[in-house]
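Q: Spelled out, the chains give:
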Amino acid sequence: MDHELRKRGTSGLEVACDPFGLMARPSAIMECHMNVQPQLVLEHVSMVFRSEDLNFTALAPIDFEVPAGKFVSLIGPSGCGKSTIFNITAGLQPPTTGRVMIDGEDATGTIGQVGYMLQKDLLLPWRTVLDNVALGMEIRGVPMAEARERALPLLQRYGLGGFEKRYPSALSGGMRQRAALLRTLLIDVDVILLDEPFGALDAQTKSQMQEWLLQLFRDFGRTVIFVTHDVEEAIFLSDDIYVMASRPGRIIDKMSIDLPRPRERSVVSSPRFVAMKQYCLDLLRTAAGQPPQAAAA
Amino acid sequence: MNAKALGLPGRILGVARLSDGAKGATTQRKIARKLPVQKIWSTTALVALQLAVLVGFVVLWEVAAEFKIIDPFFWSQPSSIWSTLVIFLTQGDAFTDIAFTFRSTIFGFIIGTTGGAVLGMSFWWSRNYAQIVQPYIICLESIPKLALAPLIVLVFGMGLSSKVATATALTVVVSTLTAYAGVQAVDRDQERLFYSLGASRWQVFKKLVVPSCIPWIVSILRVNIGLALTGSIVGEFVSSQHGLGRTILYAGSTYEISLVWVAVLILSALSMVMYVTVAWLEKVLRKGVVH
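From first to last, the protein sequence lines are chains A and B. Counting with the numbering used here, you get residues 20 to 316 for the letters of the first sequence. Counting with the numbering used here, you get residues -4 to 286 for the letters of the second sequence.
Among these hints, one or two may not hold up.
Listed next, the in silico PhoX-like pairs over lysine-lysine satisfying Cα-Cα at most 20 Å (straight line) [said to hold, decoys possible]:
1) A:Lys184 - B:Lys202
2) B:Lys201 - B:Lys282
3) A:Lys273 - A:Lys296
4) A:Lys225 - A:Lys296
5) A:Lys273 - A:Lys139
6) B:Lys282 - B:Lys202
7) A:Lys184 - B:Lys282
8) A:Lys139 - B:Lys202
9) A:Lys273 - A:Lys89
Source of the hints: derived by calculation from the structure; they are not laboratory data.
Chain B on its own, in the form it takes in the complex:
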């Protein structure tokens, strides 16, 4: 029987300690248990286990394909992926493709991020202007930009520029919104301080708004590099003469599944390299403004 059943106000339950003697109050259990502590394994053991997972997975895949548990025609198998990789890298124009995708990603990343940052920070200058433009920015954000890829290729042609444009379209809106959020977070009192010192609008922008927004813009870099890569791959899917995206599309349509895997592998390696570079860039930029 509890307090509610006795018709006592529920509040009494909150002061159970005081009413321990009272009839019907639930007595608390006495608890003295050890603080749960996790034992952390050594780094060597962790790395070894990580490798074991990878090796196990590859071996399992190979064996399963060998014994036709999975269909090697659709899934391919590690051994043939490996030989395709060697052929892809030693013969043919692998490096043209890699460089093509890499270039369009980087250009799209740079144009989208800086363009978006500049646009977002420009909203600081006029609240009226920000109010007018904002709905359009939000509209643009809600459009699935990838759906525009065929149109973009139509306008910009089959070359590099259409891929750069897709990558830019994907990154620019996020950067704009993030930079604008940064602008809105600028400390009003800090602005007042600048004005009380007699600063001009331009001085406030240069010495306060831009440095305050840098951490915000930096935080978007890692997301943007991934988006830019997606954008250029999709651009290549639509129509292209080079690039890893085109390789995947071509290999898929000719049922060369090992080549698809090879291209995907190289793409993830490329993505990892860019990610690490951007993470380093982020650290450098952050060092300039955060202490």
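Bound-form chain A, shown alone:
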């Protein structure tokens, strides 16, 4: 891990107060000072599925920019093309029009440029937790022994200590998601896509996982794009929220969340938070053809 980060570092910044070598990447730090180009740009990306007699527009042309080191959420009803956006960004599906730019370079249809965590944890049942977490590094040519060595301290630090040698079947839902997320974070890419990672968890575990994710976001300093159905979750975690509508899938609004970080759980009951939540819910309702709820409540 140390080695990997040093390689990217331009100064001795990370040495001072960072025993785990996990400090935010230079890209994230620089972003505060100067206005660099956005890390991920979707230019006029659309997706039309053609069959014999009808064309189905899964995604109307969208434009979408994510600055480096930001946490951006996509929120919207099912079928609004959130997963399509992810598949296109990850290079798993060619867009009908438009292109994907990562760090100013055309990355349309190329795989391995972003970390993508799918809805399911997709841990391999025949690998130990440690080897599952090391999978991404292994695929990217890190020798297995070294990959394990790098993953091990992270498992211990991020709540999977003592489970390294166990198999995924021995883990709870929350722990499986942790392992899957660590696998995604351990590959050397700047952009991470998370597709409803906590969708299947119970409320208690979900809120723990959100706080855990914020900790990781702080420590790793990656750019995160997060898909969710849960408005509160989106506001609690994000810097920006793109609100989407379906038929055709499109972006209807962008909300900037100006709540200061680090955020405590108690922020969810602050008037500012509640107002933003109400605004977002109303947007979603209007998009779905329902009248907005009066702010009386």
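Start from chain A and add chain B according to the hints.
A: Same frame as chain A, but now just chain B:
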């Protein structure tokens, strides 16, 4: 008189509880009976009874043959089978025969299973190729492979290789189809995950497809060992100088019925040994991929 006879819709029967009072509805019986529980006997008793069945059967056979209730010329009898067994094992070349059959079975099993597994998994690489080859595989499956045995012996000669070939022919197609079923069952999302991490086709194959197919291939091992044994026996039937199959054929044609039984007995012992070994192998292999 029931609901139908009254011209009520049949649906009403489903809500009998609600219409208990209604005229003509069949009232349900009240039921409170004990859950049937089976009493399991002790292992000793079970084993003793198993042995008793065997002994009883042998004694019955012996007595029936002794008193000519069954014709000992066709059916032989346990006592003479026993003496033939002793002669077969102590004199003559029993172990050459056993080793011959054993060898051809094992070779056929290994070649057929691995060949089929490799072929089946190769279909993962190209859907076009799989589409083209598939009808031929299914065609091959429907051919009774044993019918080809005379042809195989003609091509491969009288030696070991023709028996191995028959055993292989019997096992290879089943293994191919099973491995292909395994390939088709590989989780698409798992594949997407690998690609999103930037994996090459070869990496996906090596680290995902092969391990996912192992339980499928393992499940076919026990079936295949039996098929391989059948294949090599039939190969020996057609033409051979050694082997238990040849012994059976020879003994049958010279009316040495006790020798037929002896060979069959040894065959089943051999089959049992191989079965147990394969079951153990299965456990070991499964341990590597299923947790």
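Q: Work down the list of hints and note, for each, if the structure agrees.
A: Taking the hints in turn, this is what the structure says about them:
Note on A:Lys184 and B:Lys202: the hinted pairing holds, with a Cα-Cα distance of about 19 Å set against a maximum of 20 Å. A distance of roughly 18 Å separates the Cα atoms of B:Lys201 and B:Lys282; the hinted pair therefore holds under the 20 Å criterion. As the CA atoms of A:Lys273 and A:Lys296 are separated by approximately 13 Å, the hinted pair is consistent with the 20 Å bound. A threshold of 20 Å between alpha carbons decides the hint, and for A:Lys225 with A:Lys296 the separation of about 18 Å falls inside it, so the pair holds.
Straight-line distance between C-alpha atoms of A:Lys273 and A:Lys139 comes to about 27 Å, which puts the hinted pair past the 20 Å bound. Distance hint between B:Lys282 and B:Lys202 is fulfilled; the C-alpha atoms sit about 17 Å from each other, no more than 20 Å. Restraint check for A:Lys184 and B:Lys282: satisfied, since their Cα atoms lie roughly 15 Å apart, inside the 20 Å limit. About 19 Å separates the Cα atoms of A:Lys139 and B:Lys202, which keeps this hinted pair within 20 Å; it holds.
For a cut-off of 20 Å, the pair hint linking A:Lys273 to A:Lys89 stands: about 14 Å separates their Cα positions.
Of the numbered hints listed earlier, the single one contradicted by the structure is hint 5.
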